[in-house]
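Q: Under this note's numbering, the sequence shown has 1195 at position 57, and the numbering climbs by one with no breaks.
These are computed hints drawn from the structure, not numbers from a lab.
Zero decoy hints are in this set.
Subject to a maximum C-alpha distance of 30 Å in a straight line, what follows is the list of computed BS3-like cross-link-like pairs (lysine-lysine):
(1) Lys1147 with Lys1185
(2) Lys1169 with Lys1181
(3) Lys1205 with Lys1161
(4) Lys1161 with Lys1181
(5) Lys1181 with Lys1162
(6) Lys1141 with Lys1205
(7) Lys1169 with Lys1147
(8) Lys1181 with Lys1150
(9) Lys1141 with Lys1173
(10) Lys1205 with Lys1162
(11) Lys1150 with Lys1205
(12) Lys1141 with Lys1185
(13) Lys1169 with Lys1185
(14) Lys1161 with Lys1147
(15) Lys1147 with Lys1162
(16) Lys1205 with Lys1181
(17) Lys1185 with Lys1150
(18) Lys1185 with Lys1161
(19) Lys1147 with Lys1205
(20) Lys1150 with Lys1161
(21) Lys1161 with Lys1141
(22) Lys1205 with Lys1169
(23) Lys1185 with Lys1162
(24) Lys1169 with Lys1141
(25) Lys1150 with Lys1173
(26) Lys1141 with Lys1162
(27) Lys1147 with Lys1181
(28) Lys1181 with Lys1141
(29) Lys1173 with Lys1147
(30) Lys1161 with Lys1173
(31) Lys1150 with Lys1169
(32) Lys1185 with Lys1205
(33) Lys1173 with Lys1162
(34) Lys1150 with Lys1162
Just so it is clear, the structure is predicted and the values come from calculations on it, not from any experiment.
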Amino acid sequence: MAKVNVLDKYCKSCGLCIEVCPKKILDIGDKTNEKGYFTVVCKDQEKCIGCSLCATVCPDVAIEVYK
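Just need the whole structure built from these sequences, with the hints factored in.
A: Put into structure tokens, the structure is as follows:
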């Protein structure tokens, strides 16, 4: 099973990862990071297929995918 880890301190909630996720398991969360941005959260780790598209498009290198 794959796992998505969003590094909150780097996330600026640009939403690129949300758009490219084929399983639509990423969304903007309700907590802010130290810079005041709402960060992305994974709604359902079980559905992650480990494609790493989210990590690839992230301009802030704020996403890690573990397979």
